[in-house]
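Q: Just so you know, the sequences run in chain order A and B.
Read left to right, the first sequence gives residues 405 to 814 (this note's numbering).
Read left to right, the second sequence gives residues 405 to 814 (this note's numbering).
Hints are computed from structural coordinates only; laboratory data are not their basis.
Owing to the predicted nature of the structure, the values given are computational and were not obtained by experimental measurement.
Be aware that one or more of the hints could be misleading.
Just so you know, same-sequence chains aren't split out, so a pair can sit in one copy or run between any two.
[Said to hold, decoys possible] Below, a list of computed lysine to aspartate or glutamate pairs in the EDC-like style, where the Cα atoms sit at most 20 Å apart:
#1 Lys458 / Asp752
#2 Lys803 / Glu723
#3 Lys500 / Glu547
#4 Lys674 / Glu692
Number of protein chains: 2
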Amino acid sequence: MKMSQSFVKTLRQASGEETTKNGALLTRAGYIHKEMAGIYDFLPLGLKVLENIKNIIREELNKIGCEELLMSTLQNPEPWEKTNRFSNQQVDIWFKTELSSGGELGLAPTHEEPVTELLKSYVKSYKDLPIHIYQFQTKFRNEKRAKSGILRSREFLMKDLYSFHTTPEELDDYYNQIMQIYQTIFKRVGIGDITYPTFASGGIFSKYSHEFQTLLPVGEDTVYYNEDKSIVLNKEVYSPEVLNDLGVKPEELQATTAAEVGNIFKLQTKFTNPLGLKYSAEDNTEKEIYMGCYGIGVSRLMGVIAEVHTDDKGLVWPESVAPFKYHLIAIGDEGTKIANELYEKHPDQFLFDNRDNLRIGEKFADADLIGLPYRIVISDKTLAENSVEITERSNGKSKLLPLKAFQKNL
Amino acid sequence: MKMSQSFVKTLRQASGEETTKNGALLTRAGYIHKEMAGIYDFLPLGLKVLENIKNIIREELNKIGCEELLMSTLQNPEPWEKTNRFSNQQVDIWFKTELSSGGELGLAPTHEEPVTELLKSYVKSYKDLPIHIYQFQTKFRNEKRAKSGILRSREFLMKDLYSFHTTPEELDDYYNQIMQIYQTIFKRVGIGDITYPTFASGGIFSKYSHEFQTLLPVGEDTVYYNEDKSIVLNKEVYSPEVLNDLGVKPEELQATTAAEVGNIFKLQTKFTNPLGLKYSAEDNTEKEIYMGCYGIGVSRLMGVIAEVHTDDKGLVWPESVAPFKYHLIAIGDEGTKIANELYEKHPDQFLFDNRDNLRIGEKFADADLIGLPYRIVISDKTLAENSVEITERSNGKSKLLPLKAFQKNL
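Next comes chain A alone, as it looks inside the complex (with noise of 0.2 Å):
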């Protein structure tokens, strides 16, 4: 990308509403842009890293036989009636429309309901499961009060993965197959070594659910952690019988603050018996179906990778979710001509900073803030050698480069 013929411009400040660093951060370097509180646009580099974070999550989940659809935002009323969570009074979170033509619609908080009522198309016997689907999907969540930047949103990416089983003990494995996933997708967007599968509430079907909470010190839930332990368990099930269920004691438990980035939730057959989604066993009887759920909010993820990934003068991006791998510039006529030459022969590595309005420290500055892992420098000095600058951003080590061998590698 050519910054001269990009719209995306950094700002010098953000907003002053934008109190976290991923909101001021994100919109000063132009990724995102606040249409509403909780409403963001994804402007050009912002969509690229969204890309990159549902990239990885789909590799991951394809190579386990998921298989990826999409399901529609406007809702009817009907099967969600039938587990009783459409009445505002039972979910409180609800946008709600109406048909022009008569009848109210809900735009979809998340698609437990539709999900087991489009199978009844499709599941007669027991060869028709498992079945494991999933989707990146615009969510809608009527939050009293959003912040945050895009860590709590009223409009957000979420990827919304759904297993159907015959047993309880294949919906356990399966469970545990997503639980190592999660945390095989965590680590490589950057964010592994402070992610923890964390005992949550599992409901009444399940005695336990696992989040995956983010230690972060702007996260808005409460964890209590033993890191020598590996044992992270949510506020909300914090308790004595809790407690010995896992063998800590409240002392060597410490309480930080953190954020969800991922849920995964066994609820058996509290959806599928309500919805009537059964399947015909061997021996022709019906029987009931296992369902697990299994969330990553994809935007709010890219939030927290940014909101860990920074430093005084801007983001830091992990290479994995970097919306380009180089910031490249050019000083100089002979500096110009081979970074052209360069962008030209792999424009999907380069944001290339071409303005000629802006002095070197101002560009220099701004790659700084757009964070991008590496900065390529092309001047006369570094030709002289045949060489360019690369300096990484997350330690801000320079060296020389051969031309040759950088271009060899691209």
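With chain A fixed as given, assemble chain B onto it according to the hints.
A: Here is chain B on its own, set in the frame of chain A:
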């Protein structure tokens, strides 16, 4: 994709409500699922078609430097009130909703207002222009009647591109460039020969806009066309004056039905002026900005392609948008072994019908219904000649192809 492990199945019949080919066939073949009238889910095969269409559009737009972003669905009324388009009296297809903290919101039916408002944060001087930004975004339109499968939906995927220029001449040039690119896009997705740029109303700021109309029996529009002169006009602008403009006589025109798959529109200053988007010129004077908008209904386009490319056995996808290139069927143990080997090496190229509870005739019927470009059969008979049988879906012609040659080309 292995059909035994996929939840998508063909259905004996679609609901009787599906009166169009696209609605009925896409449902029966497992591409889409109807939630309510005008509201559909895209199942794994359908999502792949949608993504293939998106990638063709994206490729063509990125080639000329358009930048992709993603704006919000939830709409602040403010910018829409400035152009008098928020009231239901003025625009009668809004879905409206309410914030729990108070205040009405809309679900975006299009994005001219918010994109113009957005640019006020980024456009200051002539150096910041031109700008061309687009998105693939779910639009919501509260249609009184939604019918025709995915040709007219209440929730649908749209590609909307917006351009901003310093002069009307630059807008004209860009408009003509997009006119060309749209023709390339419609050609690449397989409807180029029956899709025409069509004169339509230009509103108060331009004499004409252009729609791209695909001649189609179930189309909801009426157009007049003369193939020799390559002139097509929408019924809405059919008048002696317009015919005179275009140099065509009434008796030279034929009326037919058509479906609009795209439109391009010179908005001039219709949105930029009321919303106050200006730029400062080289001489520091404040100047007006000229805007164009360019839409393609992506999910509708999928419906149109499905409507056009069918025969009495089912869908007949053009290779460019087909979810997979090959439909793989094995007969006998050795055929199954070789088919499995092929599939494991190239899982993205095959829909592998490895279901063990179907007769071969049923598998062939499903292959015709699903409509991938090539059916590959591997059996003892083909293997006796070290070959696979390849059958073109579009003309039913079969031939044996040496297995090695086939593998080499994968």
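Q: None of the hints should be skipped; say for each whether it holds.
A: Against the structure, the hints come out as follows:
Taking CA atoms no more than 20 Å apart as the test, lysine 458 paired with aspartate 752 passes in both settings, with 18 Å inside one copy and 19 Å between copies. In this assembly of identical chains, lysine 803 and glutamate 723 lie within 20 Å of each other by CA distance solely inside one copy; the values are 19 Å within and 48 Å between copies. In this homomeric assembly, lysine 500 and glutamate 547 come within 20 Å of each other (Cα to Cα) both inside a single copy, at 13 Å, and across copies, at 17 Å. For a Cα distance limit of 20 Å, the shortest separation of lysine 674 from glutamate 692 inside one copy, 11 Å, qualifies, whereas the shortest one across copies, 59 Å, does not.
The structure is consistent with each of the numbered hints, conforming to all of them.
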